[in-house]
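Protein chains: 2
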Amino acid sequence: MVPDIAEYVRQLVTGARAAARRIASASSQVKNDALVSMADGLLTAAAALQGANRKDLAAAERANLSPALVDRLTLTEERIEKMAKGVREIVALHDPVGEVIDGTVRPNGLKIERVRVPIGVVGFIYESRPNVTADAAALCIKSGNAVILRGGKEAIHSNVAVYEVIADALESAGLDRNCVQMVNTPDRAVVDALLRADGFIDVIIPRGGEGLIRAVAEKATMPVIKHYKGVCHVYVDADADLGMAETICMNAKTQRPGVCNAMETMLVHEGVAQEFLPRIAEKMRAEKVELHGCERARAIVGDMAEATEANWSEEYLDLVLDVKVVGSVDEAMDHIARYGSAHTDSVVTRNVVTAQTFLDEVDSSTVLVNASTRFSDGGEFGLGAEIGISTDKLHARGPMGLRELTTYKWVVRGNGQIRT
Amino acid sequence: MVPDIAEYVRQLVTGARAAARRIASASSQVKNDALVSMADGLLTAAAALQGANRKDLAAAERANLSPALVDRLTLTEERIEKMAKGVREIVALHDPVGEVIDGTVRPNGLKIERVRVPIGVVGFIYESRPNVTADAAALCIKSGNAVILRGGKEAIHSNVAVYEVIADALESAGLDRNCVQMVNTPDRAVVDALLRADGFIDVIIPRGGEGLIRAVAEKATMPVIKHYKGVCHVYVDADADLGMAETICMNAKTQRPGVCNAMETMLVHEGVAQEFLPRIAEKMRAEKVELHGCERARAIVGDMAEATEANWSEEYLDLVLDVKVVGSVDEAMDHIARYGSAHTDSVVTRNVVTAQTFLDEVDSSTVLVNASTRFSDGGEFGLGAEIGISTDKLHARGPMGLRELTTYKWVVRGNGQIRT
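Listed in order, the protein sequences are those of chains A and B. Residue 279 in the working numbering sits at position 279 of the first sequence, and the numbers go up by one each step. Residue 379 in the working numbering sits at position 379 of the second sequence, and the numbers go up by one each step.
Quick caveat, the hints were computed from the structure, so don't treat them as lab data. One or more of the hints may lead you astray.
Unchecked claim - Result set (DSSO-like, lysine-lysine): computed pairs, CA atoms no more than 30 Å apart in a straight line:
#1 A/283 <-> B/288
#2 A/219 <-> B/55
#3 B/111 <-> A/229
#4 A/82 <-> B/111
#5 B/85 <-> A/111
#6 A/111 <-> B/283
#7 A/219 <-> B/85
#8 B/82 <-> A/111
Here chain A stands alone, though its shape is the one from the complex:
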């Protein structure tokens, strides 16, 4: 229990601000030392982490959490090893801090550069999986930011145990323990106070269900980088290679249906619907995918449920797929503009004009041609690790890695220039 929330939050944010000023100029070597020591520490502390995790699991049982949630919460030895491995992968990534983005010499001799610098203080609010704690902390350390972590209450004992390892690792590398801080109470008033601490926290990154993210976005007085949901489309064009379309659609829907870059709606050009729909429907059903169709799709494949207006903007995160027949790439793009979530949309076509039109005009974070929506991911894009995905337009769009945890400043070198 926290006796005085305002004072607790004041200490968190002033501690973070001071730590941010110091870690901003820490060398890659020092930051990597902390990360290596953190990875080692996670392995050494495996038994203690599992002990803390058992308290969360016992509470989860008492609270009757679903088996899926309990599974996500569980820290096995293998998962702890994976967590440590994830941290070591971040050690190997390029440190973006100090990078000169561009530079020029002005006619008056001023040398002007834009130099990458850490954002400052990140607030990271997330749900139940304890491995996210290690991941997020490691990304913030590597990018020179201080971070305040607030995990789900279901994982609080596990998170605090992981946090102790992180703080010790920071100290052993000569960094401030406060570079990473963990909210150690489930009290929501603490979150509310953090969300009003603009001036101390530079950006909030929420990760979890749509409800959590909406609540954070509404209350926060500082910038929030977020995505609400992924209503991803694959448009099978009249000029598609239907074999390729089938492979891509099956992968996009069934390879991992519970994630934000899985396909939720398949749009099929009327020119190929008669041929394509029966065969994809059969394949989908073999994988136990429930289909909802528009009127025209249902005229071709009889035993499909009727797609309601609300269905088109739903993120199922499950083996459910909406199917619509469209008359043109324009109609497909209109549908995406209206019902999509600006996350990830793909076109399957052999027609280079159609492909370019789709890539140019669909206003989503990620647009693909002839590839599965499932590739929209920091790891797959080569970012190494991702702190989240943004469907916002400003600062970062799509998968966010280390670079997206930085900003820049203008550095100007002169030899006495004045303005006339």
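Based on these hints, arrange chain B on the given structure of chain A.
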């Protein structure tokens, strides 16, 4: 008078959204045609613009506006020519839309690019000068954005007249009139409704006094890019060339004191204070600069007012200067961190270590060594024209030009890749 504000704002934002989708893929040629026709149109309409302006000037007289405000409001023939010239300068700038920021081929053959695209719909809220209307509209058109303009009520007739020229120019180039829209009522309820239209307006850029900007930032439910004020510092180091320091400080304070990149506080190392302070004080006084000093500064230059705690964070925008003697670059940087506005700060020194420390550790949008703070400006940095200055950390920092009115999307080209 607007009978139904909700309906009026709904039309504005849906019109902007639809126009944004179209102008996003307009070619540079078409956008430039619109701008050239706008520049021509401003000159052709000069008499009509001055006629509309006279209504604003008459109202200003009735409202007893200050001579400075009336001057800013006045559209002379020369100013109209300057406005047209400003638009032609934007024609000549590089169009950032479509630029490939970076790209890579993944081991599985996927070709991944980040491509610059317009943000979408910009809301631009500003104060009295009518030339800003033409400037902002031209920058948004060139960067492929739709914009909703809301100028000060003092300039409403002038702004609407300038707007008519813009809308005709858009149309003559085959673009949608709604690419630029102008709020034609001073009713503040319209602004309030616009600030709640997230989902339609992607970003709000306010430009004006601190009061306007704070009100906008508090009410807006979408991202806001802004700067509240410029409390800019020059730190004269122990190793400064004092002649250079004098030139830079005089320029930073007196060349144009009413703007946000003018110096408000001068920090002087104790090692040179005895020599430097009397000579700079004399020069400042010759330019009618009122000086406020810390205790140590006043011990050296007797007839200086005492600087109060509140003074250190004030943006005077006038011939007033705070002076403080510090013991080290660290003390100077602590002062800047505490009282500064993260806008623009400069160090004068011959010591390369001190210079680098200052450039690295001062967390401001622009940091300079041996140059006047007055250079912190889009034009001076080579951006061509600026839509504003940001002291925020996300998306854009410092002067914002065309590039800062864009975002990016991930474009992925495959040949049937699926994720395994």
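Here is what the structure says about each hint:
1. For the suggested pair residue 283 of chain A and residue 288 of chain B, the alpha carbons sit about 83 Å apart, so the restraint of at most 30 Å is broken.
2. Between residue 219 of chain A and residue 55 of chain B the CA atoms are separated by roughly 43 Å; this puts the pair beyond 30 Å, and the hint is violated.
3. A threshold of 30 Å between alpha carbons decides the hint, and for residue 111 of chain B with residue 229 of chain A the separation of about 25 Å falls inside it, so the pair holds.
4. At most 30 Å may separate the alpha-carbon atoms for a hinted pair to count; residue 82 of chain A and residue 111 of chain B meet this at roughly 29 Å.
5. For the hint pairing residue 85 of chain B with residue 111 of chain A, the CA-to-CA distance comes to about 28 Å; that is within 30 Å, so the pair holds.
6. The straight-line distance between the Cα atoms of residue 111 of chain A and residue 283 of chain B is roughly 29 Å, inside the 30 Å bound, and the hint therefore holds.
7. About 44 Å separates the Cα atoms of residue 219 of chain A and residue 85 of chain B, which puts this hinted pair outside 30 Å; it is violated.
8. Proximity of residue 82 of chain B to residue 111 of chain A is assessed by CA-CA distance (about 29 Å); at most 30 Å being required, the pair is judged to hold.
Checked against the numbered hints listed earlier, the structure breaks hints 1, 2 and 7; every other hint is satisfied.
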